[in-house]
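Chains as they are written, first to last, in our numbering: chain A, 1 to 288; chain B, 1 to 148.
All the pointers check out, no bait thrown in.
Sample of chain A residues at the chain B side, in silico, Cβ under 10 Å: (1) Arg115; (2) Asp117; (3) Ser118; (4) Tyr120; (5) Pro128; (6) Glu132; (7) Met133; (8) Arg226; (9) Asp228; (10) His232; (11) His235; (12) Gly265.
Rather than coming from a laboratory, the hints here were simulated on the basis of the structure.
All figures in this text were calculated on a predicted structure; none of them were measured in a lab.
Just so it is clear, CB atoms sit at the ideal spot from N, CA and C, and this is done for glycine as well.
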Amino acid sequence: MRGEAEVVVADAEEVAEEAETGYQIGAGWRPELHNAIVARKDVAFVEILAESHQPNQLLQPLLSFAKDGKDIYIHGTELSLGSAALPDSNRLSHLADLAIALHSPLISEHFAFVRSDSTYGGHLLPLPRTKEMVKVFVENYRVAQAQLPVPLALENVASFLEWPENEMSEVAFLNEILEQTGAPFLLDVANLYANCLNNGFDALDAISNMDLNNVAYVHIAGGVIRNDGWYHDTHQHSIANQVWGLLKEVLLLKPELKVMIERDGNYDVALFNREMDKLNELGGAVLH
Amino acid sequence: MSERNAIGKRQEELLSALYGGGSGAEFDKKRLVSTRNALCRKRLAALERHCPCVAIFLRSSALEIWEKFCSRNPPFEPHGGLIDALRLSKTSDVLFDVASAIELAAISAKWRWDGSKLRKRRFYLTINRSVRLIVFTLPLLGTRVRLM
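The shape of chain B in the complex, shown without the other chains (with noise of 0.2 Å):
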C-alpha cells in the first residue's frame, strides 16, 4: 500500500504543478509548461467534437477554465470531451456567448451518463412533428380563406 500512497502523492504534486499552479518542484519547468499547454490543446480538440462554438470562445482562457472548474476529480462519466462539455454546462461563473451558451444546453438536455434511453426525444419528435404540421397546413388554409 505505501508504493500506491508515494505514487499517488507524486501524481498528485505533478498535476498540481500543471493544473494548480503548484511548484513542481524537481519537474524541469520548460517541459511543465509545455506539457500544460498540449493538455488544454488536447482538451480543446476533444471539446471542439461535441462544442465546436465552446471551444473557440475558451480558446484564451482555456488553461485558466480547467484550472477553475474541470481538474477536480469527475465521478464517473465515461465521455472524454464531454465530460467538460457537461461540466461547463452546469457552471454559471463563466459568462458565455450565445451559440456557446446554447450548445452547452443542448448537452445539458440530451446526454444521459448511465446510457437509458433518452424519454425526452420523445417530447421534442411529437414537438417538432407539430410544428412541421401547423407549417405545411398554415398556407393551406391561407389559400383556402383568400379563396372564399
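One chain only, chain A, in its complex shape (with noise of 0.2 Å):
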C-alpha cells in the first residue's frame, strides 16, 4: 500500500511539474476512451465532440471531469463557417450552452465547409483559398464569436482536393484569416502533415512560416496511406513516426503547448497509453 502511496504522489509531483512548465497532455474523449483516460493522472484537458453531446442531457463522466478542475474543451465540426451563408444561430446556441454546462474555456471549429444552400457535404471540405473567401470566413467568424461566451478556435483541416482558384498558400490562407480574426489557433500537426503529404509542399518550412503565438492546443492522430495513393487522416490508425517528428519540431519552437490524441474507432486501449506515454516522453525530452 506504501508503494502505492508513492507511486499516486510521484504521478502528482510530475503533472504539477508539467503544469509549471505549460505543457499539458489531453485526449479526445469518447464513451470507449473513458475508463483508459480516467486511469490516467496525466491527462490535463479532455476535448468532446460537440454533435455528439446535449447541453441538458450531458453524460455524467463529463461532469465528473468538469468537478475535478480538468478542462473540457468543445469542438465543432457541422458549424460551417465557410459556407456561403452566415454560421446558423441554433448551432451557435448548441455550442454556447455547452461550453456553458461544462465550464469549457474553448470552443473550436474549422477551416472548412460541410454544407452549401441546398447540399449537405457530410464531412469537412476545404475552402478555396482567395481574397474573397477570406473576407467571407472572417465575416462569419466575427459573427460566431459575438454568440459565444469563450473564444472560437479554428483549426487546419486534411484533404486531397485543391481548389482551381486557389490563390494563396495553405499557410498564407491560415495566417491572413488568424491574423484579422485574431481566433486562437488549433493546429493539427497530423492534418499539416498529410496536406503536405498530398499536395507536395515542405512540411517544416510549412511550420516555420506558419503563425503560432497564439496556438490554443495541438491535435495529433493517426493515419494511413490508402491504395488510392494518397495519405489518410483516420484518426483510426497508430500515429505515424513523420507526425511524432512534426510535433517535435512545433515543441522545439514553442515548448510550452498543450497537445492531446485524437482517435476516432479501433478503440486499441494499449495502443491509445503507449501514444500517450510517448507524448508524455516527447514533452519532457523537448523541455529539459
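Using the supplied hints, reconstruct the complex from the two chains, each of which is provided in its own coordinate frame.
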C-alpha cells in the first residue's frame, strides 16, 4: 500500500511540474476511451465532439471531469464557417450552451465548410484559398464569436482536394484569417502532415512560416496511406513517425503547448496508452 | 453579397460533383474520387458509433445511400452520425435487415433533436419494472402451486 501511495504522489508531482512548465497532454474524449482516460493521472484536459452531446442531457462522466477541475474543450464540426451563408444561430446556441454547462474555456471549429445552401457534405471540406473567401470567412467568424461566451479557436483541416482558383498557399491563407480574426489557433499536426504529403509542400517550411503566436492547443492523430496513393487522416491507425517528428519540431519552437491525441474508431486501449506515454516523453525530452 | 453568391455557387458545384454525379469541371478527377470515398468512409464511421449494424449493412452501398437520402441540407440537427441515422430511420425506400431496422427504430423512438426530456422513457421504465416483477414473481407462485 505504501508503495502505491508513493507512486500516486510521484504522479501528482509530475503533473504539477508539467503544469508549471505549461506542457500538458490531453485526449479526445470518447465513451470507449473513458476508462483509459480516467485511469491516467497525466491527462490535463479532454476535448468532446459538440455534435455528440446535448447541453441539458450531459453524460455523468463529463460532469465528473468538470468537477475534477479538468478543462473540457468543445470541438464542433458542423458549424461550417466557410459556407457562403452566415453561421446558423441554433448551432451557435448549442455550442454556447455546452460551453456554459461544462465551464469550458474554449470552443473550436474548422477552416472548412460542410454544406452549401441546398446540399449537405457530411464532413469537413476544404475552402478555396482566395481573398474573397478570406473576407467571407472572417465575417462569418465574427458573427459566430459574437454569440459565443468563450473564444472560438480555428483548426486546419486535411484534404487531398485542391480548388483550381486557389491564389495563396495554405499557410498564407491560415495566417491571413488568424491575423484578421485574432482567433486562437488549433494546430492539427497530422492534418498538416497529410496536406504536405498529398499536396507536395514541405512540412518544416510550413511550420516555420506558420503563425504560432496564439496556439490554443495541438491535435495529433493516426493515419494511413491507402490504395489510392493518398495519405488519409483516419484517426483509427497508429500515429506515423513523421507526425511525431513534426510535433517535435513544433514543440522545439513552442515548448509550452497543450497537445492531445484524437482517436475515432479502433479503440485499442494499449495503443492509446503507448501513444499517450510517448506524448509525455516527447514533451519531457523537449523541455529538459 | 456577390462574393458570397460566387463562393456558394462553387461550393454547390463541388458538392454536386461529390454526391450528385456532377461533372466537377476543373477539379482533379482522381482527387475528387478519393475525396468522395473518404467522405463516405468518415460518414460510415460516424454512423457506426450509433448504429453499428446499419453501418455494416450499408458498407457496400453507402455512396448510393448518401446520394439518395442524405445529401439534402438538413434543418438544425446538431448530431454528426445521428443525422444520417435519423434520416435513414425515416426512409421507407431501403430494405434493411432486422438488426439494422431495430437500431434505426430505437434511434427514431428515443432521440429528441431539441434536447427535450425523454418522457417516453418513464413509460418504458414502468414497463420494464412490471416485466421484471412478473419474471421474479412467477417462479415463486409456481412453487407455491406445486407445494399446495
